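> Chains as they are written, first to last, in the working numbering: chain X, 1 to 459; chain Z, 1 to 459.
Please note that the accuracy of each hint is not assured.
Said to hold, decoys possible - Chain X side only, calculated, beta carbon under 8 Å to chain Z, not exhaustive:
(1) Arg79
(2) Ser105
(3) Thr427
Claimed, not checked - Dumping the calculated DMTMM-like pairs for lysine to aspartate or glutamate here, alpha-carbon to alpha-carbon at most 25 Å:
(4) Lys236/Z / Asp204/Z
(5) Lys347/X / Glu145/X
(6) Lys138/Z / Asp142/X
(7) Lys207/Z / Asp112/Z
(8) Lys386/X / Asp368/X
(9) Lys138/Z / Asp296/X
(10) Lys386/Z / Asp226/Z
(11) Lys138/X / Glu145/Z
(12) Lys347/Z / Glu314/Z
(13) Lys138/X / Asp436/Z
(14) Lys138/Z / Asp436/Z
(15) Lys382/X / Asp305/X
(16) Lys366/Z / Asp327/Z
(17) Lys138/Z / Asp343/X
(18) Lys347/Z / Asp327/Z
(19) Lys236/X / Glu225/X
(20) Lys386/X / Glu225/X
(21) Lys347/Z / Glu141/Z
(22) Lys138/X / Asp296/X
(23) Lys138/X / Asp204/Z
(24) Lys347/X / Glu141/X
(25) Lys138/Z / Glu145/X
(26) Lys138/X / Glu141/Z
(27) Lys366/Z / Asp352/Z
Note that these hints are calculated values from the structure, not bench results.
Predicted, not measured: the structure shown is a model, and the values here were computed from it.
Yeah, the Cβ is synthetic: ideal placement off N, Cα and C, and Gly gets one too.
2 protein chains.
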Amino acid sequence: MGELTTPPESKQQPRRPRVVIVGGGFAGLQAARGLARLPVDVTLVDRRNHHLFQPLLYQVALAVLSPADIAQPIRSILRRQSNAVVLMDEVVGIDVRARQVSLGSGARLDYDYLVLATGATHSYFGHGEWEPLAPGLKTIEDATEIRRRVLLAFELAERQMVEQGWHSPLNFVVIGAGPTGVELAGAISDIAQLYISHDFRHIDPAKSRVMLLDGGPRILAAYPEDLSAKAEATLKRLGVEVHTQMQVTGVGPGWVEAQGERGNSRIEAVVTLWAAGVAASPLGRMLGAPPQVNFDRRGCVIVDDRLNPPALPEVFVLGDLAHFEQDGRQIPGVAQPAMQMGDHVAKIVAADLAGQPRPAFRYFDKGDMATIGRMAAVADVKWPFKAHMSGFPAWFTWVTVHIFFLIGFRNRISVLINWAWTYFNFTRGARLITGDQSLPGWKEQTEAKPAQSKTEAAD
Amino acid sequence: MGELTTPPESKQQPRRPRVVIVGGGFAGLQAARGLARLPVDVTLVDRRNHHLFQPLLYQVALAVLSPADIAQPIRSILRRQSNAVVLMDEVVGIDVRARQVSLGSGARLDYDYLVLATGATHSYFGHGEWEPLAPGLKTIEDATEIRRRVLLAFELAERQMVEQGWHSPLNFVVIGAGPTGVELAGAISDIAQLYISHDFRHIDPAKSRVMLLDGGPRILAAYPEDLSAKAEATLKRLGVEVHTQMQVTGVGPGWVEAQGERGNSRIEAVVTLWAAGVAASPLGRMLGAPPQVNFDRRGCVIVDDRLNPPALPEVFVLGDLAHFEQDGRQIPGVAQPAMQMGDHVAKIVAADLAGQPRPAFRYFDKGDMATIGRMAAVADVKWPFKAHMSGFPAWFTWVTVHIFFLIGFRNRISVLINWAWTYFNFTRGARLITGDQSLPGWKEQTEAKPAQSKTEAAD
């Protein structure tokens, strides 16, 4: 496959700088948009055709929203930006000397500026074999897989009850109590307690157990302590069992093993979800090795206040893939800093084109928020005022902010309708089970019981 | 696994008849609802957790609607019907002597009445190997797979154009020109011509070719001839190439072979869709063999005017799985007769309980409709007046009827918003590519060209 053919250049004008952006998440998309009015040619490369509004992904996983409510084709977001081309392809190599990226399809793209914003993925801490047993939540496919498992668990239990008069315990285990883990645990509890309990005749979904495990001393470790405590209290009120200081040592089909202060325990789990580890996308490593490019322990690229790895001023690393420290603290891997970094890259390119010095990046932190089930949240507000909010006010702020930042008018309306439907009708609009109809470990459980009864009968 | 434990019976009352309904489509669901007020115990068994509003499924395939817009959990539709239990399970055997069905999970259900309404599936006329190459449209998974392929074709062509300066021809081939084939062909043409053309920089989606092939002499063979002709004219105006009298003889990765009046031809196809053959669900065969149970050539169970196979008065076969003739013509496999049959089963059970003779079923035909792309349709209206409609009036009627029959308020609102968005903004709301990122035959095509160029260079 050949190299990208450069369009014939006019002799009057110098060649326009080529900016290659890899990743159409918050950071990459914002960088592309920021470059709209500059005399540069932008190529945004993503493996996916869509930008995902990740903060609402857990609502797809828990059957409130449809995938299309929170995803939009990158191509259609940038349709009016004439200096931008969108390529659905995968970057498989970066040659920082030749200033080229190689694509999965075999072609190569030349760049004058490279913007890497490919984010992060799950990390199972060296236990890749846990992934099929305990899916994480990063993509649309992850979300529909979690939805499938959670909804299927209730269906299989009802079936077992009707057909055999007993059912396997409905234990849902969420590993990792960061914002995603807290959101998932709260939402599963909501579903079980409020949304589907009247749909079943033989099981009582409200008797499900939801367990949230974390290795650290408190949930939402990145939040102030009082908000962690409030979040934990809210989760407990929702019936979620919160177990901190519990290190997961094993995940199997239908069970989780964890090491706590009181020793090792094995928990039966009909569905196990993973919200514990995050690892940087492997693209950072393609930039080279230390000392030219340095990484933190999660594989994130350490960048300076111009968002570059020290030796590569034409390469910007943004969003979750970047490790950027401000005031001695690493800024978190969430949407706000990613978008600000995207904006900032455009400012740096503009400065370069104008022959001005590059401005330094500074993260303007407006605060953090996490929802905890129906109508409760915690918010560590830092702007326009400082406050620790919790309960309904925090939740209302969360709803407003998320609707405001959702891309596209249609999505906003659709999300609002789905929320209204969910909150007022106590039912979930997207309760679809698609794909396979089995759960890891379920069959064994089904067969375990009669076998046990037989043993008892033989005694 | 044991048999279903019957609840302890009260001695004063006779046991309530047990009705087992297999299939939660239009027929099965309507039968369940019809039985709501009768003193019977209903168990509805379906492999899926959702009822699907199949007439709008092609709109999921062509990125207008989300799956959840047209699917709803059967369990939640029947949540207020206290005499109904919903089981997500698969029926794997029927014992008409013992009046039992066996389930995939190993259990058995006793019945006094059995209602079989498991519909139909694709038939590849003995060429099962064509299925992965030319998916059909029956389930949500089918629809998202078709969406994936159609959207991906444009993405891959744009990529090829950017990287190599040429692209494989964007030929879409739809095999079978019944209502589904016509809807798919019209909708693909719509997408290519109207909805995505401004999103691409290097390819012109409007130059795609959409080919609709059918073995018969005219499209929409079940419709009056004048409507067939109008539909064909509309399709041609949309740019669809209609080829009748073309028998498909082979389907491969990236191509279709067909035998027409002018001999055999091989068509390059980036996406091939199957809308040609329908075969009855295999459940009919589980009822036994002729002469006790008779089948037509598609495997449908031939039923009398009480909807029974002649020798089995306690077994009803409904919807697409049934072959029912009225006035010398088989009634079609669409939603209207299916729902009427469902209603009728409830009437028959009520008559039995009251000791009255069973009423005969008569299909009340209100007419048929098929859409053909944006704002055009044909309608063979038979009630409340007789008319052959086409163009916008037929399309408007189609929209009204389909919104009216959609189950659930939320779905109606959501579908209306999506339609409004699509029609007024010329963009599609659900343009998601999920799953795998390859197309059958695409890689070979990509590699074919450079190889060819090399040969030319060597000459």
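> Work down the list of hints and note, for each, if the structure agrees.
Quick rundown of the hints versus the structure:
1. Arg79: holds (5 Å)
2. Ser105: Constraint on Ser105/X satisfied, holds at 6 Å.
3. Thr427: Holds: closest Cβ of chain Z sits about 6 Å from Thr427/X, inside 8 Å.
4. Lys236/Z / Asp204/Z: Holds. Lys236/Z to Asp204/Z sits at ~19 Å (cutoff 25 Å).
5. Lys347/X / Glu145/X: Given that 25 Å is the threshold and the Cα spacing comes to 40 Å, the pair is violated.
6. Lys138/Z / Asp142/X: It holds: about 24 Å lies between the C-alpha atoms, which stays within 25 Å.
7. Lys207/Z / Asp112/Z: violated (59 Å)
8. Lys386/X / Asp368/X: Within the cut-off at roughly 11 Å; holds.
9. Lys138/Z / Asp296/X: Violated, because 49 Å separates the two Cα atoms, which is more than 25 Å.
10. Lys386/Z / Asp226/Z: holds (14 Å)
11. Lys138/X / Glu145/Z: holds (21 Å)
12. Lys347/Z / Glu314/Z: Holds: Lys347/Z and Glu314/Z sit about 13 Å apart, inside 25 Å.
13. Lys138/X / Asp436/Z: This hinted pair holds, its Cα atoms lying about 16 Å apart.
14. Lys138/Z / Asp436/Z: This hinted pair holds, its Cα atoms lying about 20 Å apart.
15. Lys382/X / Asp305/X: Roughly 22 Å separates the two Cα atoms, so the pair holds.
16. Lys366/Z / Asp327/Z: Given pair Lys366/Z, Asp327/Z holds - Cα atoms ~16 Å apart, limit 25 Å.
17. Lys138/Z / Asp343/X: violated (45 Å)
18. Lys347/Z / Asp327/Z: Measuring from Cα to Cα gives roughly 22 Å; hence the hint holds.
19. Lys236/X / Glu225/X: holds (17 Å)
20. Lys386/X / Glu225/X: holds (15 Å)
21. Lys347/Z / Glu141/Z: violated (35 Å)
22. Lys138/X / Asp296/X: holds (21 Å)
23. Lys138/X / Asp204/Z: violated (33 Å)
24. Lys347/X / Glu141/X: Judged against 25 Å, a Cα distance of about 35 Å means the pair is violated.
25. Lys138/Z / Glu145/X: holds (21 Å)
26. Lys138/X / Glu141/Z: holds (21 Å)
27. Lys366/Z / Asp352/Z: Given that 25 Å is the threshold and the Cα spacing comes to 29 Å, the pair is violated.
In this structure, the earlier hints numbered 5, 7, 9, 17, 21, 23, 24, 27 are contradicted, and the remaining ones agree with it.
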